[in-house]
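Protein chains in written order, with our numbering: chain A, 4 to 69; chain B, 69 to 218.
No lab work stands behind these hints, which were simulated from the structure alone.
Since this is a predicted model, take the numbers as computed values, not measurements.
Each hint should be verified, as a subset may be incorrect.
[As the list claims (entries may be wrong)] Only pairs whose alpha carbons sit at most 27 Å apart, straight line, appear in this in silico BS3-like list of lysine-lysine:
| id | chain 1 | residue 1 | chain 2 | residue 2 |
| --- | --- | --- | --- | --- |
| 1 | A | K57 | B | K184 |
| 2 | A | K57 | B | K105 |
| 3 | A | K14 | B | K105 |
| 4 | A | K57 | A | K36 |
[Stated by the list, open to error] For each label pair, taking beta carbons as the anchor points, the in silico distance ranges come out as:
| id | chain 1 | residue 1 | chain 2 | residue 2 | range |
| --- | --- | --- | --- | --- | --- |
| 5 | B | V94 | A | E46 | 53 to 59 Å |
| 6 | A | E30 | B | T144 | 23 to 29 Å |
| 7 | A | L35 | B | R96 | 34 to 40 Å |
| 8 | A | E65 | B | A209 | 19 to 25 Å |
Each residue gets a CB set at the ideal place from its N, CA and C atoms; glycine is no exception.
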Amino acid sequence: MADEPLIWTSKGNLPIASLEYTHAWDETPEYLKFSETYLLDGEIVKQSAHVYVKQGAQAQPEQGTF
Amino acid sequence: MSNTAAVCTSFKVDQLNGIHAFGTTVTRGSTAADTFKAALYFASATLGASTTAYSTTGEVTGTGYTAGGVTVTNATAPTSSGTTAYWTPSGNFAWTTMTASAFDTVLLYNSTQSNKAVAVYTFGSQTVTASNFTLTMPANAAGTALLQLA
Numbered sequence: 004m005a006d007e008p009l010i011w012t013s014k015g016n017l018p019i020a021s022l023e024y025t026h027a028w029d030e031t032p033e034y035l036k037f038s039e040t041y042l043l044d045g046e047i048v049k050q051s052a053h054v055y056v057k058q059g060a061q062a063q064p065e066q067g068t069f
Numbered sequence: 069m070s071n072t073a074a075v076c077t078s079f080k081v082d083q084l085n086g087i088h089a090f091g092t093t094v095t096r097g098s099t100a101a102d103t104f105k106a107a108l109y110f111a112s113a114t115l116g117a118s119t120t121a122y123s124t125t126g127e128v129t130g131t132g133y134t135a136g137g138v139t140v141t142n143a144t145a146p147t148s149s150g151t152t153a154y155w156t157p158s159g160n161f162a163w164t165t166m167t168a169s170a171f172d173t174v175l176l177y178n179s180t181q182s183n184k185a186v187a188v189y190t191f192g193s194q195t196v197t198a199s200n201f202t203l204t205m206p207a208n209a210a211g212t213a214l215l216q217l218a
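Start from the sequences and build out the full structure, keeping to the hints where you can.
What follows is the structure, given as structure tokens:
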């Protein structure tokens, strides 16, 4: 019999099959975010997020005029 | 031919390389590259253009997060394209097996130069529980680089 896959959570290692899984995307002009959530009986026990920075910060120096 | 008033692009790159010092006193003694760090802040913090240096006020606390944040991997020298000078770290910012709630900001700062602030980036409020948080760097190009002098 194959071992049941476990996943690390705030309540220790739990069988991944016992958890409810959701994910979400959030996109703006500046970033794209992907988050994953695992719930156990409605309680979040694992949540990760990965943000892709699409555009950094820009400064625009201006020269003076005479 | 004619002349065109402009801030020289080479000067913008020089700024990113710490070449020019307009101050009336010498404020920089080292010729070595600086170390930069990235710290996370709660959505309730008030970082922005007026931020001058890293502070623990409003900084994320939680399991797996160390005050001060992570060291930025920097193997890419500033460069330019067109009239924009730019720089992007060569590595992503990553925190592993961390638990923290409602944070939305990362502060890039210079830990070599008295923790002086460089830039503030926001990404929408996020909670992480017993897992990873990653900030993947943008393409290192004019218009997208993490830090740009246009």
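Results of checking the hints against the structure:
no.: 1; hint: A/K57 / B/K184; result: 24 Å, holds
no.: 2; hint: A/K57 / B/K105; result: 20 Å, holds
no.: 3; hint: A/K14 / B/K105; result: 31 Å, violated
no.: 4; hint: A/K57 / A/K36; result: 10 Å, holds
no.: 5; hint: B/V94 / A/E46: 53 to 59 Å; result: 57 Å, holds
no.: 6; hint: A/E30 / B/T144: 23 to 29 Å; result: 26 Å, holds
no.: 7; hint: A/L35 / B/R96: 34 to 40 Å; result: 37 Å, holds
no.: 8; hint: A/E65 / B/A209: 19 to 25 Å; result: 23 Å, holds
Hint 3 from the earlier list is the only one contradicted by this structure; the remaining hints agree with it.
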